[in-house]
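Quick mapping for you: the protein sequence lines, in order, are chains A and B. In this text, residue positions in the first sequence follow numbering that gives the first Met the number 0: the first is 0, and each later residue adds one. In this text, residue positions in the second sequence follow numbering that gives the first Met the number 0: the first is 0, and each later residue adds one.
These aren't lab readings, by the way, just hints derived from the structure by calculation. Any given hint could be a false lead.
[Said to hold, decoys possible] Listed next, the stretches of chain B that the computed footprint assigns to chain A, with coverage defined by at least 3 CB atoms under 8 Å from CB atoms of chain A:
1. 132-141
2. 172-178
3. 181-191
[To be verified] Pair ranges (Cβ atoms, derived):
4. Leu116(A) x Arg259(B): 50 to 58 Å
5. Ala237(A) x Arg85(B): 49 to 57 Å
6. Arg100(A) x Val22(B): 26 to 34 Å
7. Ala137(A) x His120(B): 55 to 63 Å
8. Val22(B) x Ala237(A): 45 to 53 Å
9. Leu65(A) x Glu154(B): 39 to 47 Å
10. His120(B) x Gln187(A): 13 to 21 Å
11. Ala237(A) x Glu247(B): 33 to 41 Å
12. Asp25(A) x Ser23(B): 54 to 62 Å
13. Thr64(B) x Pro120(A): 44 to 52 Å
14. Asp20(B) x Gly134(A): 23 to 31 Å
15. His120(B) x Pro230(A): 49 to 57 Å
16. Glu154(B) x Arg55(A): 48 to 56 Å
17. Tyr13(A) x Ser156(B): 29 to 37 Å
[To be verified] Here's a subset of chain A near chain B, in silico, CB distances under 7 Å, partners left out:
18. Glu41
19. Asp70
20. Val179
21. Ala249
Here the structure is a predicted model, which means the values were calculated and not measured. Ideal Cβ positions, reconstructed from N, Cα and C, are used throughout, including at glycine.
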Amino acid sequence: MTALLELRHLTVEYAARDRRAPAVDDLSLAISRGETLALVGESGCGKTSVGRAILRLLEPTAGSILFDGEDVRTMRGDVLQRFRRRAQVVFQDPNASLDPRMRIGEIVREGIDIHALMPRPKAELRVAHLLEEVGLPASTAARFPHECSGGERQRIAIARALAVEPEFLILDEAVSALDVLVRQQVLQLLATLQSRRKLTYLFIAHDLAVVERVATRVAVMHRGRLVECAPTRQLFSAPAADATRALLAAIPRIPWETRASGEGR
Amino acid sequence: MTALLQVEGLCVSVAHPGNSDPVSLLRDVRFALSPGETVGVLGASGSGKTTLALALMGLLPRDFTATGAVHFDGHELLSLSEGARRSLRARRISIVFQEPLTALNPRQRIGAQVAEVARAHGERNATRAHRLAVEMLSRTGLDDADERAHRFPHEVSGGERQRALLAMALLLDPALLIADEPTSALDVTVQAQVLQLLRAQQRERGMALLLVSHDLGVIATTCARTIVLHEGHVIEDTPTRQLLAAPEQPQSRALVDAVRPPEPAP
């Protein structure tokens, strides 16, 4: 398997911050095609900065970001435009990421229009299909974001991301604001979409319990540094870094009964 | 043991503009809570959990109608005057909410907000109220409470804000603490710390705890008994271990399965 995305010595420093503590500190990481790499760590560890640097939403201080062999940092013109179609993002709070004045249909269609992928009537048909693909009725297109539930809004954000046929999706705490049942449904949807569309995911999260269900591999960040990266099962059974152990310890330990002992009443 | 809290046939509804029938949010909810008991209220979004917490606190919006009875500590809360209810709040029954940033006054220092609880309930001496506040902040695990007390809510972390809210809720040593999704807005590591604090305070004070959450993981580590709400109904009221081992209703089972690890626990 070849790497779709490769980060080499990525460093991000915010100007106002202390120079000795970069938000992202010399981070190297590769994501293979078709896998789900989870990037985890507590608040402030730098995981969101990594996602934003990949999307060119912020300028790294040093290092390179190779997408399909090309450096994202030096992309321009058509190449950059193409990258912006191939890499999409779903944020944590669909309340803040969906324009409240636009109808759902327009929100989902916007990317298709920007990239001039197809004429208007065809695009509208496309939007209807996308909404159905994420488990919403096509009639949702006529509604506004505030008329939808949190789970519906997150499905809409996913449909919008898929509209431009991306290969790579950054899911930045995409299910953290959802209630456990809705979260499970959205995770299920993401898994289905991934196998159907051969998507590659960077799944940014603070909650290892969620990551355990979806990730192929897990990368753990602590204070801007990558402290461990391992296949999911291995990371859970034999964590190597202190920061990983701390995250594992934070998962609520539910006192499951051993199945054999039939509880009385 | 006599119940500390007894909820009988509690119904809450709200009139919807343009809709002739009011919308039912809670339907015939009944359960009891003994002194010192820890009970979880589990349910998906929209199941009525928060409405229940607000109803018990007498904090329902004006256009909500509540019927039935809520007996607490010798009072019937639904028919209690606002003044009498206010004197029960904080002193006997307290609440912490999910989002500490909106629950705190952004323009007032943290220490002053905690001290205000003491002053509102009879502490006339400002210095003593402040000292009480700092002491309480330090008991809820706020590092360097003396210094933190002088900060504004936006100047401290989410976990620290939740500790400050807890300090306000616990200052007057209530018999019942209602915690409505107290850790949902927090990072997992901070969530673990706040839950640990909540458990420690509950044990130390022997107070009753009603912990409202959509996440059985949060409830299972803290509450001996769990009430499951679905569409405003109590569909299950059972020891938490029992719920984990054998949920009786399909809606409860879904909530249990949602937190079950991918492989069966060894």
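Against the structure, the hints:
1. By the rule of at least three residues with a Cβ nearer than 8 Å to a Cβ of chain A, the coverage given for the stretch 132-141 of chain B is violated, with 0 such residues.
2. Figure legend: the stretch 172-178 of chain B, annotated as covered by chain A; annotation inconsistent (0 residues with Cβ-Cβ distances under 8 Å, at least 3 required).
3. Coverage of the stretch 181-191 of chain B by chain A holds in this model, with 6 residues showing a Cβ closer than 8 Å to a Cβ of that chain against a need of three.
4. About 41 Å separates the C-beta atoms of leucine 116(A) and arginine 259(B), a value inconsistent with the hinted range of 50 to 58 Å.
5. A hinted range of 49 to 57 Å holds for the C-beta pair alanine 237(A) and arginine 85(B), which are about 55 Å apart.
6. Between arginine 100(A) and valine 22(B) the C-beta distance comes to about 27 Å, which sits within the given range of 26 to 34 Å.
7. Evaluation of the 55 to 63 Å hint for alanine 137(A) and histidine 120(B) yields a pass: the beta carbon distance comes to about 57 Å.
8. Separation of valine 22(B) from alanine 237(A) is about 52 Å and conforms to the stated range, judged on CB atoms against 45 to 53 Å.
9. A C-beta distance of roughly 40 Å is found between leucine 65(A) and glutamate 154(B), which places it inside the suggested range of 39 to 47 Å.
10. Checking the proposed 13 to 21 Å range against histidine 120(B) and glutamine 187(A) shows it is violated: the Cβ atoms sit about 49 Å from each other.
11. Between alanine 237(A) and glutamate 247(B), the C-beta spacing of about 38 Å keeps the proposed range 33 to 41 Å intact.
12. With their beta carbons about 58 Å apart, aspartate 25(A) and serine 23(B) fall inside the hinted range of 54 to 62 Å.
13. Taking the beta carbon of each, threonine 64(B) and proline 120(A) are about 50 Å apart, inside 44 to 52 Å as hinted.
14. Separation of aspartate 20(B) from glycine 134(A) is about 30 Å and conforms to the stated range, judged on CB atoms against 23 to 31 Å.
15. About 56 Å separates the C-beta atoms of histidine 120(B) and proline 230(A), a value consistent with the hinted range of 49 to 57 Å.
16. With their beta carbons about 32 Å apart, glutamate 154(B) and arginine 55(A) fall outside the hinted range of 48 to 56 Å.
17. In this structure the hint that tyrosine 13(A) and serine 156(B) lie 29 to 37 Å apart at CB is violated, the actual value being about 18 Å.
18. With 7 Å as the threshold, the beta carbon of glutamate 41(A) comes within range of chain B, its nearest partner Cβ sitting at about 5 Å, so the hint holds.
19. Contact between aspartate 70(A) and chain B, as hinted, is not supported at the beta carbon level, the nearest pair being about 33 Å apart and thus beyond 7 Å.
20. Checking valine 179(A) against chain B by beta carbon gives a least distance of about 4 Å; that is within 7 Å, so the hint holds.
21. Below 7 Å, beta-carbon pairs count as interface contacts, and alanine 249(A) has one with chain B at about 4 Å; its hint therefore holds.
Going through the hint list in order, the structure does not satisfy hints 1, 2, 4, 10, 16, 17 and 19.
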